[in-house]
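*Asks:* One-letter residues, chain by chain:
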Amino acid sequence: LRDEGLVGRILRGDKAAGERLVSEHYPRVYRWLRHLTGNVDIAQELTQQTFVKAWQSLGGLRAEASLSVWLHRIAYHQYTHWLRDRKVDSPLLETSAVCADRTIQTLDAILLERALAQLSCDHRETFLLYHVQGLSVPDVAGVLGVPDGTVKSRLFVARQRLRDLLSEDRLEALEETTENVPSSCGAEGGYR
Amino acid sequence: MKCNRVTQFSKTPKWAAAWHRQRCAECRAAARADKIIESGVAMLANEPLPAEGLASTLAALPELSPVGRPAPAARWIPRLAAAGGACAAVAVMAGYVLNGGTPPVRPSKQMHAAQDGGQDNPAKPGVADPSEKNLSVRPPVPAKKFAPAVIARSPAETQGDERARVPRSGNTHRHVNKRPSEPTAVAGLPKALDTALGYEEKSPALKPGPTEPNSLVRGHADLRPTPEAVADKHVTVLASYGVDGDRQVKMAAARRYVIREQAAEAQATPQHLYVIDRLSVTPREPQVASVPGRAKESQVW
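From first to last, the protein sequence lines are chains A and B.
Just so you know, we're using the numbering used here here: the first sequence kicks off at 1 and counts up by one.
Just so you know, we're using the numbering used here here: the second sequence kicks off at 193 and counts up by one.
Hints are computed from structural coordinates only; laboratory data are not their basis.
Just so we're clear, the structure is a prediction, and the values are computed from it rather than from any experiment.
All C-beta atoms, glycine included, are put in the ideal place defined by N, C-alpha and C.
One thing to keep in mind: the hints can contain errors.
[What the hints assert, rightly or not] Pair ranges (Cβ atoms, derived): (1) B:ALA243 x A:SER136: 28 to 36 Å; (2) A:GLY134 x B:ALA243: 49 to 57 Å; (3) B:HIS212 x A:GLN56: 50 to 58 Å; (4) A:GLY145 x B:ALA217: 38 to 46 Å; (5) B:GLU420 x A:ASP85: 51 to 59 Å; (6) A:ALA16 x B:LEU241: 18 to 26 Å; (7) B:GLU230 x A:VAL146: 22 to 30 Å; (8) A:ASP85 x B:ALA251: 21 to 29 Å; (9) A:GLN56 x B:ALA217: 52 to 60 Å; (10) A:GLY145 x B:ASN238: 49 to 57 Å; (11) B:TRP207 x A:ASP85: 41 to 49 Å; (12) B:MET285 x A:ARG84: 31 to 39 Å; (13) A:GLY134 x B:VAL289: 29 to 37 Å; (14) B:ALA252 x A:ASP148: 29 to 37 Å.
Chain A on its own, in the form it takes in the complex (with noise of 0.2 Å):
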């Protein structure tokens, strides 16, 4: 209702409505683009487009929608579009510019980025969207398309994958070649 409320003004012309949107919104959306492309000027390109496109759009949104998944979906189309102008699968290898005060956590951050990096897409996205964005269940399945089981299965997975891959005896795995990269990596059908 908040959300209705918020795009009603917008629709109105209240520009204030527009930017608190925005703001509002940016973080996570950008957040969700970097993890994905691994790369801050990609991600920062395809979040101002997301943004565009769903500026344009606004009026199409349906009242029942959550504003966030419908954000992250545009999101998610542009990025497969990026994908597939570039040919390229997402890396995730460029260090997250962590926090400013240098902690072991920004270890783990690179472990688990790392570790990530090895994930199959579907996983990766899945896992970022459920436990990075912080989205439901049935918000992930919505964003991608996908029934709320196979995003159940898909995080059961990736978690026991991450806990094989950060696992004391299996980090050598970090630096294997990631050639279990499935062809349907995002790219081929936009939203699936």
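Using the hints, position chain B against chain A.
*Replies:* Frame of chain A; chain B shown alone:
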């Protein structure tokens, strides 16, 4: 991580589950990995935003005006038109099927005459109705009309490979996508990579590139202030290595040693030491190349 003895669905008492997690090596390893995952997720979720990102996005928006929801009538007209079109298509298809696979024929004068008993307007024998005449002389639809439009030929075809050119079974469409590695572009489908260029030629991974400063090293450089005594030792180590012959290699080894000590000082886990030891000294950029047998380029670090 194969231990499934204690899961969220198991009916083990809490104290037994806790006891098992303490005793089981796999569960302990999983708990350590979970800790890294939780910590990493927290860092990723709080990653700082680019300074100018939000401002530039906001600046891009006012130039556009959000498209409002169309009026109800404007929304329903296209839907009604689409529904009408679908009904007409279904009706035509139904007529086609009921007619035994032939297109529905407009009622001719003969048919009208037969229905009327042939009295009002008897058909003249030997004079065909113009509409029937048109139908009878209509040329058969060539099978090629429904074949996929070939917009480009595979290298095998263009280079005179008879196996690719001549269909074996007489099926004229067999040459399409005959060779997975040398596909023929078909209208509506994306053309696969140009395989005329070799893997080695296209792969930027195999070309030596400039080494960028390693942010991984910087990432842990200030974990915790190093005690003075240790720092002095580090200076000595770096100096002693720095004067020797193979400077770069030994300096790298010395830096690694120092970093490792700093990490140990900060109580880094084996996983952290691994990052410092292995990942931080071999910076690698993601590389993409065409891999034979794949429909698109792949990552080949």
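*Asks:* Taking the numbered hints from earlier one at a time, note which ones the structure violates and give those numbers from smallest to largest.
*Replies:* 2, 10, 11 and 13
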